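S.K.: Using our numbering, read the sequence shown as starting at 1 and increasing by one per residue.
Certain hints may be false.
Unchecked claim - Restricting the straight-line Cα-Cα distance to at most 25 angstroms, the calculated cross-link-like pairs of lysine to any residue (SDA-like) are:
| hint | residue 1 | residue 2 |
| --- | --- | --- |
| 1 | LYS107 | TRP42 |
| 2 | LYS145 | GLY13 |
| 3 | LYS2 | GLY156 |
| 4 | LYS75 | ARG111 |
| 5 | LYS2 | LYS75 |
| 6 | LYS2 | GLU117 |
| 7 | LYS3 | TYR121 |
| 8 | LYS91 | GLY18 |
Calculated directly from the structure, the hints in this document are not laboratory data. All of these numbers come straight from a predicted model, not from anything done at the bench.
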Amino acid sequence: MKKIQNPYIGVEGYNCFGCSPTNPMGVHMHFMEDGDDIVCHWSPTQNHQSWIDTLHGGVQCVLLDEICGWVIFRKLQTAGVTAQMETRYRKAVRTTDGDITLRARIKEQRRNLVTVEGELYDAAGELCTTCTCLYFAFSREKSEKEFHFQRCLAEGEEDTI
1 MKKIQNPYIG
11 VEGYNCFGCS
21 PTNPMGVHMH
31 FMEDGDDIVC
41 HWSPTQNHQS
51 WIDTLHGGVQ
61 CVLLDEICGW
71 VIFRKLQTAG
81 VTAQMETRYR
91 KAVRTTDGDI
101 TLRARIKEQR
111 RNLVTVEGEL
121 YDAAGELCTT
131 CTCLYFAFSR
141 EKSEKEFHFQ
151 RCLAEGEEDT
161 I
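Model the full structure from these sequences, guided by the hints.
M.R.: If you want it as C-alpha cells, here you go:
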C-alpha cells in the first residue's frame, strides 16, 4: 500500500473535520492506496460513541463520506462534492476494540457523476457498515480555482506542476 499525501496541507483556511491534521475537533484521517481501493485505518475513542462503547452512526457516516471523497481526489485527480449518500448499518462498531478499517472505490462513472462504494470493518475485520455515495466531480479548472486542488499524489510520486 502507498500512503497518499494530503493535497491541502499548507492551504490557508484548510480545516477539514475529516482529514485536517490540525483541526482540534476533527477525526484526523489519513489514507493509503491499495490497487483500486483507498484505505484508512482509524482509532475510535470514547469521544466518538453514541451508546456506551458503540461508535456513533453519524461518525461512521463522516468517516465513510470522507474516504469516498478521497477516492475522487486520488483516482480522478479532481475535487468533488457529495450529492447523495446511502448508508447501511449491519453491525455495531465498538469503540474499545481497536482500529477500524475503511475501504472505498469507484463503482461507476457517468460524466461528472461518480458512484463510490465504501465499507467500514471493525477491529476483527468484520463488515459493519456500507455506503454508496454519489459525487459530483468538478472540472480540473474549477477544482484548482475554487477548491485549491492541484494534485493528489502518493508517496514516492513526483509533482510535475
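S.K.: Each of the hints needs a verdict: does it hold here or not?
M.R.: Comparing the hints with the structure gives:
1. LYS107 with TRP42: Roughly 23 angstroms separates the two Cα atoms, so the pair holds.
2. LYS145 with GLY13: Since the Cα atoms of LYS145 and GLY13 sit roughly 15 angstroms apart, the hinted pair holds (cutoff 25 angstroms).
3. LYS2 with GLY156: Given that 25 angstroms is the threshold and the Cα spacing comes to 8 angstroms, the pair holds.
4. LYS75 with ARG111: holds, 14 angstroms
5. LYS2 with LYS75: holds, 13 angstroms
6. LYS2 with GLU117: holds, 20 angstroms
7. LYS3 with TYR121: holds, 19 angstroms
8. LYS91 with GLY18: holds, 23 angstroms
Of the hints listed earlier, there is not a single one the structure fails to meet.
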